[in-house]
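2 protein chains.
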Amino acid sequence: MTTTTADPATDLTDYCDQLADAALAASRSLAASSGRQRNAALREIAVAIRAGRDELQKANALDLEAGRSSGLSPAMLDRLELTDARIESMAASVDRIADQPDPVGKVIEGRVLDNGIRLQKLRVPIGVVLIIYESRPNVTCDAAALCLKSGNATVLRGGKEALHSNRAIAACVRRGLESAGLDPAAVQLVNTTDRAAVGALLKMEGRIDLCIPRGGESLIRAVVEQAHIPVIKHYTGNCHVYIDAAADDQMAVDICVNAKTQRTGVCNAAETLLFHAEAASSGLLARVCEALAAEGVEIRGDAQTQAVFADAKTATDGDWAAEYLDKIVAVRVVDSLDQAAQHINHYGSKHTDAIVTSDLAAAEHFVQVVDTANAFVNCSTRFSDGGQYGLGAEIGISTDKLHARGPMGADDLTTTKWVAYGTGQTRG
Amino acid sequence: MTTTTADPATDLTDYCDQLADAALAASRSLAASSGRQRNAALREIAVAIRAGRDELQKANALDLEAGRSSGLSPAMLDRLELTDARIESMAASVDRIADQPDPVGKVIEGRVLDNGIRLQKLRVPIGVVLIIYESRPNVTCDAAALCLKSGNATVLRGGKEALHSNRAIAACVRRGLESAGLDPAAVQLVNTTDRAAVGALLKMEGRIDLCIPRGGESLIRAVVEQAHIPVIKHYTGNCHVYIDAAADDQMAVDICVNAKTQRTGVCNAAETLLFHAEAASSGLLARVCEALAAEGVEIRGDAQTQAVFADAKTATDGDWAAEYLDKIVAVRVVDSLDQAAQHINHYGSKHTDAIVTSDLAAAEHFVQVVDTANAFVNCSTRFSDGGQYGLGAEIGISTDKLHARGPMGADDLTTTKWVAYGTGQTRG
Chain A
35 MTTTTADPAT DLTDYCDQLA DAALAASRSL AASSGRQRNA ALREIAVAIR
85 AGRDELQKAN ALDLEAGRSS GLSPAMLDRL ELTDARIESM AASVDRIADQ
135 PDPVGKVIEG RVLDNGIRLQ KLRVPIGVVL IIYESRPNVT CDAAALCLKS
185 GNATVLRGGK EALHSNRAIA ACVRRGLESA GLDPAAVQLV NTTDRAAVGA
235 LLKMEGRIDL CIPRGGESLI RAVVEQAHIP VIKHYTGNCH VYIDAAADDQ
285 MAVDICVNAK TQRTGVCNAA ETLLFHAEAA SSGLLARVCE ALAAEGVEIR
335 GDAQTQAVFA DAKTATDGDW AAEYLDKIVA VRVVDSLDQA AQHINHYGSK
385 HTDAIVTSDL AAAEHFVQVV DTANAFVNCS TRFSDGGQYG LGAEIGISTD
435 KLHARGPMGA DDLTTTKWVA YGTGQTRG
Chain B
35 MTTTTADPAT DLTDYCDQLA DAALAASRSL AASSGRQRNA ALREIAVAIR
85 AGRDELQKAN ALDLEAGRSS GLSPAMLDRL ELTDARIESM AASVDRIADQ
135 PDPVGKVIEG RVLDNGIRLQ KLRVPIGVVL IIYESRPNVT CDAAALCLKS
185 GNATVLRGGK EALHSNRAIA ACVRRGLESA GLDPAAVQLV NTTDRAAVGA
235 LLKMEGRIDL CIPRGGESLI RAVVEQAHIP VIKHYTGNCH VYIDAAADDQ
285 MAVDICVNAK TQRTGVCNAA ETLLFHAEAA SSGLLARVCE ALAAEGVEIR
335 GDAQTQAVFA DAKTATDGDW AAEYLDKIVA VRVVDSLDQA AQHINHYGSK
385 HTDAIVTSDL AAAEHFVQVV DTANAFVNCS TRFSDGGQYG LGAEIGISTD
435 KLHARGPMGA DDLTTTKWVA YGTGQTRG
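One line per chain: the protein sequences are A and B, in this order.
Heads up: the first sequence begins at 35 in our numbering, then just goes up one per residue.
Heads up: the second sequence begins at 35 in our numbering, then just goes up one per residue.
Same shape as in the complex, but just chain A:
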């Protein structure tokens, strides 16, 4: 086991170097571990979290006190708090990750070549994964557990306002690893709030294989700007619902209301509704807008929308690109499905986009031409979620196209390895 001896306060460069070296060494030993060992460690982590409740809450109290005196908002303080229920929920989530099937070793493809070589493509751990996140301390536990499940060492950099809580959680996690005989260095918490540490870690090609930033767009952009290592990004969720000429009226109302209002602050909530001109002239547009207004949603529409729903404010170009995360929706009338697709491809964030239609050809065309991670037919955008998809715990949702797209589960924390077994074959 490699440990960090440098003090981050006085020697940040050495500290980050040691931390990355320790994670790399631990990732090598994890690569030699079995799924049974990793699951045993996950069970022990859940035990340690439950047993560590007092210690976790003592540490959390320090963060809450500091947060109150530095004027954190009530919402932020709420996110930070480790209640009994949240500690149990963290532990239960680790247990559920242990229950999931093992992504490592899964055979993706394979064949016997003409020359007799038996070739397989397998899922294997990526190596060392850096997770950068904001205030919620439960991410420390969730991210470490998902990375461990998939055989990766983790470097965790949480928000500064949660440092005491994160330290206490990481201590439980490392205790769990030790109990199961795995290298506790497999989970490294960046034990400083110095921002320069992030910059240094993001440049550690060859030691850190991947960064997943979890947080707002500004955090993610700052990470991308500094990174030399690959970053899987989740920018924004500007999701659309397109109401086709052939939409069922009641279904259109239900899906639009659900997609917009069931939870507004989330990335898979709808932000723009597009109506085929026939759905505008038929009265459906007005009916949807009335149903949304009844839920307290502010409508911002184009001229055609305003013509049939007088309460609509005027939408500007900025509205088409906005991720409101609030009770506001942009509404536009289009002449065709292709115009809807062009709008979505131009303004959207390639997250989740839905069509409501009874026309099979329209459904299939929409699914083909809309460039999005999640193309939905006749259901709410709110379903685009790893849990809903049955992927188990989710490490995030990728709006990238490379490596992983859409909700990311444990499989997406692996890479592949071609393995060939021969009997002495040489190439002629």
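Derived by calculation from the structure, the hints in this document are not laboratory data.
If you're wondering where the values come from, they're calculated on a predicted model, not measured in any experiment.
It cannot be assumed that every hint is accurate.
Same chains, same names: a pair is fine if it fits in one copy or spans any two.
[What the hints assert, rightly or not] Straight-line alpha carbon distances no greater than 30 Å define the calculated DSSO-like cross-link-like pairs of lysine-lysine that follow: (1) 140 / 155; (2) 155 / 92; (3) 194 / 92; (4) 267 / 155; (5) 92 / 267; (6) 194 / 237; (7) 92 / 237; (8) 267 / 361; (9) 140 / 92; (10) 140 / 267; (11) 237 / 267; (12) 194 / 140; (13) 361 / 92; (14) 140 / 361; (15) 237 / 361; (16) 267 / 194.
On the provided structure of chain A, position chain B as indicated by the hints.
Then chain B, alone, in the frame of chain A:
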């Protein structure tokens, strides 16, 4: 169809913008095309290449003449030349790509959720792929064809010494696209040798989705340094063969000689041989070195190698990291399989690494702990190749871990899309 009107000589920024816009628009229309249409276009491209032989050779003569007067090496001039046989081989390769199964639309996973939503994860085109390459003009045709097969628009930036040849090939490709009714803007040749064009294109996030540089390490490092878009990299091939204590002697000799000498200038040739101490003391190390020396290979060994093979020169630390691409090999004696794995993980390039052993546990342990794209048991490293693997045409070999690892075929030029068909489901 979008076209470029700006002159790259006088207005490079506008030219690059128009080129990326045209490629993006064409990628949208390709997304709506069927595999049958794309295959028809590939057939038409092969026809156009064959029919364009005179035109291709006339353009090629200009490049060859310029190359001769600027003092290109005979090897470089040879790579540049479009002989009758090479033109036929380009066309035949496009026909073979048409024959391959369609990667687009392949269902990777899927299920019916509890709520009745039918969920599928499909392969879909990435969008716009930028290929940056060096002197060989056939890459223009191969890369365009593979990207078209997988539904992607391509921006091609070849070596300046092949510009006339590349223009003529791209004209044939676009003629083929037009004959099949697809947008010829789907293949864009960067029609300038100005290096600033590369810098501009590498920053076109949102319009260019991926860059694949094909060439030497310095080209790739320069691309990575400038890129804001994702880059799939192939750095070096420092491949290893480890001769275990339980290796079959004749198999060890055959595999080492084949891996080192069958073709030395390629990335999957072996550069370092590691011998278990027992394979050194048994005489096997000496026998392998003699067989290599008989093929004209220079041996650079550690002290233990020199002790049993006196002709070995002294290996330095630089030798362990070297990609010789030549008749030179580094040889080291290790005490254990784990020490061999540590050496490979430390000095290797994660490309292709082989073990020769009759011990099943040793083979399995090697495959698990060596962090490499291609882990081979009892066969030559020379087999790590898309053609050998049955992937069809190869766009390159990735030494990255994200998105694609090892030989990359048409599947690796796709991303995924989750598609959900519902009947009005909303989230409760």
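Hint check results:
1. 140 / 155: Both. Shortest intra-copy (8 Å) and inter-copy (17 Å) distances satisfy the 30 Å Cα cut-off.
2. 155 / 92: Cα proximity of residue 155 and residue 92: none, with 47 Å in one copy and 45 Å across.
3. 194 / 92: within (17 Å within a copy, 66 Å between copies)
4. 267 / 155: both (26 Å within a copy, 19 Å between copies)
5. 92 / 267: Neither. Shortest intra-copy (34 Å) and inter-copy (47 Å) distances fail the 30 Å Cα cut-off.
6. 194 / 237: within (21 Å within a copy, 32 Å between copies)
7. 92 / 237: Answer is neither: 35 Å inside a copy and 48 Å across each miss the 30 Å cutoff.
8. 267 / 361: within (26 Å within a copy, 44 Å between copies)
9. 140 / 92: neither (42 Å within a copy, 52 Å between copies)
10. 140 / 267: both (25 Å within a copy, 25 Å between copies)
11. 237 / 267: So residue 237 and residue 267 pass the 30 Å test inside a copy (17 Å) and across (17 Å) alike.
12. 194 / 140: Neither way: residue 194 and residue 140 sit 38 Å apart in one copy and 44 Å across, limit 30 Å.
13. 361 / 92: neither (37 Å within a copy, 65 Å between copies)
14. 140 / 361: neither (43 Å within a copy, 38 Å between copies)
15. 237 / 361: Neither way: residue 237 and residue 361 sit 40 Å apart in one copy and 35 Å across, limit 30 Å.
16. 267 / 194: within (21 Å within a copy, 35 Å between copies)
Checked against the numbered hints given earlier, this structure breaks hints 2, 5, 7, 9, 12, 13, 14, 15; the rest are met.
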